[in-house]
Amino acid sequence: MNKRRVVAFGPRVESLERLELLSADLIPFDILPATGTVQTSPNSTTTSGPLYSVYDVPNHLIRTVQTVTTTTLIGGFNPHTVTNTVTNYGTISLGNAGDNNIPMTVIPGGSPTISGNTVTTYGPIFSIYSTSLHTIMYAQNVTTTTLQGGFNPTQTTSTVTNYGAISLGDAGHDNIPMTVLPGATLPAAGNTMTTYGPLYSVYDATAHTVMYAQNVTTTTLQGGFNPKPVSSTVTNYGGFSLGDSGHNNIPMTVLAAGNGVVYSIYDATAHTVMYAGRINPFGPSATTFYNAFSLGYSGHNNIPMNIVPNGDGLLYSIYDADLHTVMYGLRTNLFGPFPSTVYGSFSLGNAGHTNIPMTVVSSGNGPIYSIYDVNLHTVMYGVRGGITTAPSTLYGAFSLGDAGHDNIPMTVLQGGAGPIYNILDANLYTVLTADRQNLTTSPSTIYGAVPLKK
373 MNKRRVVAFG PRVESLERLE LLSADLIPFD ILPATGTVQT SPNSTTTSGP LYSVYDVPNH
433 LIRTVQTVTT TTLIGGFNPH TVTNTVTNYG TISLGNAGDN NIPMTVIPGG SPTISGNTVT
493 TYGPIFSIYS TSLHTIMYAQ NVTTTTLQGG FNPTQTTSTV TNYGAISLGD AGHDNIPMTV
553 LPGATLPAAG NTMTTYGPLY SVYDATAHTV MYAQNVTTTT LQGGFNPKPV SSTVTNYGGF
613 SLGDSGHNNI PMTVLAAGNG VVYSIYDATA HTVMYAGRIN PFGPSATTFY NAFSLGYSGH
673 NNIPMNIVPN GDGLLYSIYD ADLHTVMYGL RTNLFGPFPS TVYGSFSLGN AGHTNIPMTV
733 VSSGNGPIYS IYDVNLHTVM YGVRGGITTA PSTLYGAFSL GDAGHDNIPM TVLQGGAGPI
793 YNILDANLYT VLTADRQNLT TSPSTIYGAV PLKK
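So the sequence shown is residues 373 to 826, counted in my numbering.
Hints listed in this document are in silico derivations from the structure and should not be mistaken for laboratory results. In this text, a Cβ means the ideal position worked out from N, Cα and C, and glycines have one as well. Any given hint could turn out to be false.
[What the hints assert, rightly or not] Beta-carbon label-pair distances, calculated as ranges: (1) 735 with 442: 29 to 37 Å; (2) 504 with 463: 18 to 26 Å; (3) 816 with 457: 19 to 27 Å; (4) 599 with 712: 52 to 60 Å; (5) 595 with 485: 16 to 24 Å; (6) 608 with 735: 30 to 38 Å; (7) 449 with 826: 40 to 48 Å; (8) 534 with 761: 47 to 55 Å; (9) 709 with 455: 34 to 42 Å; (10) 719 with 485: 48 to 56 Å; (11) 408 with 454: 16 to 24 Å; (12) 770 with 604: 49 to 57 Å.
Input sequences plus hints: build the corresponding full structure.
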C-alpha cells in the first residue's frame with residue numbers, strides 16, 4: 373500500500389519555541405511500526421518502539437523520536453541481565469533551502485549484520501522528493517558496534533549518515549507524488565554481495581507515465597589474506613504509460629507482488645481503477661500487464677483510494693464522503709486470463725462530515741476501515757468480515773484528540789491486540805496515540821502521547 377504520509381495543516385503559533393517547527397504550511401509526518409527484538413551486539417538485544425518522524429521544513433531537518441529498550445547479559449560465573457530504556461531524539465539534515473512542503477517517506481533499513489565481534493545496524497531510510505529539482509534525496513544512519521578488549525571487553529560505537537540522490541522526472545511536472553518500496557540484500561554469492569536499494573516511483577500526471585529508479589550496489593571482497601571490500605553502485609531507470617489523457621492529479625499506489633510491482637490509479641472522472649503489473653522492471657525483457665475495473669460511480673470525484681492485500685488478491689476501497697459509504701472491490705487473479713472482482717459496500721460515518729480521509733488495515737477478522745471525524749474528535753471504524761462469503765460489519769467508536777485541533781490526519785498501525793491509532797496534534801507538536809484492543813469482544817483503549825521535541 374502507499375506509504376503512510378501524513379500532512380498536518382499548520383496551526384497558529386503560540387510561542388517562539390514552536391515557530392521553528394510550525395511556521396510552514398505543511399508538516400510531513402510518518403510512523404514506522406515497532407521492529408521487535410533484534411541482536412545488536414554479541415551479548416545485547418534491543419527492542420525498539422515505533423519511530424516517529426517529522427520533517428522540519430524551515431530548517432530542512434528530519435526530527436525523530438523513538439523509545440529503545442536494551443537488555444544486556446553481564447557477568448561471568450553468575451551472569452545477570454540489565455535492562456535500560458531510553459527515549460532517543462535525533463535529527464538528520466536532508467534537502468536544501470527553497471524546497472518546502474516536500475513529501476517525506478520512511479522505510480525500514482534492514483536487519484543488523486554480525487561479523488566476528490562487530491555488529492552493523494542499518495537505520496531507517498528517509499527520502500524526500502524535491503519537485504523543484506526533480507530529484508529524490510535520501511539519508512540513512514549506519515551504526516557500527518565493536519567489542520574491544522579481552523576478559524572484560526568494552527563496546528565502541530560509531531554512527532555515520534550516508535546520503536544519496538537520484539534524479540527522477542523532468543522539468544515542468546511539479547507536485548508529483550512519490551512512492552517508495554523497500555529494497556533487499558541478496559545472499560552472498562562467493563565473494564560478492566548485491567544490495568537493491570529502495571524502489572522510487574513517481575506518476576507524471578502530465579505525461580500519464582510512471583517513472584521509477586533503483587540503486588543497485590555490488591560489494592566484492594578483493595585481495596588474499598586480508599581482503600578488502602570494493603563497492604560500486606549503479607542507478608537503474610524504467611518507465612511505462614499508465615492512465616490516459618485528460619485525467620490529471622490521480623493518486624498512485626504501489627505494491628510489491630511476486631517478481632514484479634503493481635501500480636494502481638483511481639480515475640475519478642471515469643470512476644475506474646486502472647492498474648499495471650510491471651514484471652522484471654529492470655531486466656532486458658520488462659513486461660507490463662494492464663487491466664481495469666469499475667469502482668464507485670459518477671458524481672463523486674477526488675475520492676482517495678486505499679489498497680491492502682487480502683488473501684490471493686488486492687482489496688481496493690474508496691470512501692464516498694457524500695454518501696458516507698465505503699465501496700470496495702476485491703480483485704483476484706489480477707493478471708491472469710480471468711480476473712474477477714467481488715464488490716461490496718457499507719455505511720461508515722454520518723451526515724455532515726465530508727472529506728474525512730479513510731484508512732484500511734488488515735486483521736484476522738477482516739479489514740478494519742477507520743475515519744477520524746474532526747468535528748466530533750472521534751474515531752469511527754468498521755471491521756468488515758466475510759467479504760467473499762457473507763459480509764458483516766462490526767462497528768465501534770471512541771474519542772481521540774480534543775476540541776480545537778481540526779484537520780488532524782490519522783495513521784493506523786497494526787498492533788498486537790488491535791489497531792493503534794495516531795494523530796499529530798500540530799498545536800501541541802505531540803502525537804496522540806490510542807491502542808484499541810479486543811475490537812470484536814469488549815473493546816478497550818489505552819491512551820498515550822509522544823512529544824516530538826524534548
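Quiz item: Which hints from the list above does the structure break, by number from lowest to highest?
Solution: Hint 9 is the one this structure does not satisfy, whereas the remaining hints hold.
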